[in-house]
Structures are given as structure tokens and as C-alpha cells.
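Chemist: Sequence:
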Amino acid sequence: MRAMPFLRRLARDQQGLAFIEFAFAAPVLLLLILGGLELANYALAHMRVNQIAMTVADNAGRVTTGIDEANVYEVFAGADVIGQPIDFEENGRIVLSSLQPNGRNGGNRGQMINWQRCWGDLDVAPAYGEEGDGRNDNSLRNGMGRSGNQITSSEGTAVMVVEVSYTYQPLVDTGYMVISESITHESAFNVRGRQNNNITNSQDLDQLVCDDD
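Counting from 1, one number per residue, gives the positions in the sequence shown under the numbering used here.
In short, the hints are calculated from the structure, not lab data.
For each residue, glycine too, the CB sits at the ideal point set by N, CA and C.
Certain hints may be false.
Pairwise CB distance ranges (calculated) [unchecked claim]: (1) N138 x Y73: 25 to 35 Å; (2) G148 x A43: 21 to 31 Å; (3) N105 x Q51: 39 to 49 Å; (4) P170 x D137: 37 to 47 Å; (5) S154 x P85: 34 to 44 Å; (6) Q207 x G156: 23 to 33 Å; (7) V172 x N136: 44 to 54 Å; (8) N71 x L37: 31 to 41 Å; (9) L37 x A70: 32 to 42 Å; (10) G132 x N71: 14 to 24 Å; (11) E155 x I33: 49 to 59 Å.
Could you put the whole structure together from the sequences, leaning on the hints where they help?
Modeler: Printed below as a string of C-alpha cells:
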């Protein structure tokens, strides 16, 4: 019978109740906070990658008169600055292609990738073709881009087509969030006032070709 008064007192005792409730709620609260931070970081990564794609295509298209390997280095240097907060160079890849008419007639008439340059350590191949594709045939007659959304270049000009790929680096591996690690954005800009769309190398720089190394 002595146990009954003790049990009644225990039932009325609320000391430490808040700590017990917090102990139960803390893991859930922590997961929600980490999840929110992760989603925000993921959105910022998407924004950075998209900004890189648009900036590279725009800046490459702004080079007038003629384009040189030195200009490509400058364009990629700008991308490096944008991508530093997400360690883009180590985890990303930029493919810059110059899409132009191939100048052929008849059945071989189409578009070509006149030149193509890449930057970034991520091992990703160009999605829509490599340098020289379409030069002598109509393999790129529909241009470059995803099916149903291809772009082409007009006669006497070129389009700077940019593909940017990035492997997302999570803040914390929560284990319960399904987030795609692969982020891809594309952009394309017409060149403006360029007289020669063939790339030169006046400073004898290493060409940032899209090899498999």
C-alpha cells in the first residue's frame, strides 16, 4: 500500500517534463533544420550553375572581330569566379561550342560544331556532339539541343552553345532527402558583330580541348 502514495506523487510531479519533451522533439527538429539548410544550399547551387551557363554563353558571344584562345581563357576565368563558392572547378564541367552553318549544299547541308572548348575536372562528355561534327555532312541538320528544342545558327554568324554539369556537394548527408546529385544547365547566345568565327591562337596557349583525360 505504501507504493500507492508514491505513484500518485510521481504522477503529479512535472519536474523535468520539458526536458523529456525536448529530448523527444530534438531529433525531429534537427532533421527539419538540416533539411531546410540542405534545400537552400541545393537551390543556390542550381542558381550558380545556371549563372555560369548564361555568363559563359553571353561573354563568349560578346567577343567581336574574331575570337582567340585567350578570349576563351578569359571567359572561363569569369566562370571560375562565379563557381568558387560551390567548388565548381573540382566538381563541374563547362562545354562551350561554336555552332555554325557548315556551308555545304544539297543533302549535306546542315550545322556544324566549328570549335569546342571545355573547362572543369568533372568527367562529362559533350551531350550534343564534338568539335568537327556536321562539318562535312548533315548529322547536325537540326542543330544542337534537346529533342524538340534544338537551336540553329543563321548564315554568316554563330551561336555560342554552353552545357554546364555539376555534381552537387551536400552540406550534411541526412540520409532521408532525395536530391539529385547531378545538376545540368544549358544556355545559348548569338555572337554579336563578329567578323571571323574561326578560333585563333595568337599567344600559342594550350587549347582547352574536350578530351577524355
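Chemist: List, from low to high, the hint numbers that the structure doesn't satisfy.
Modeler: none
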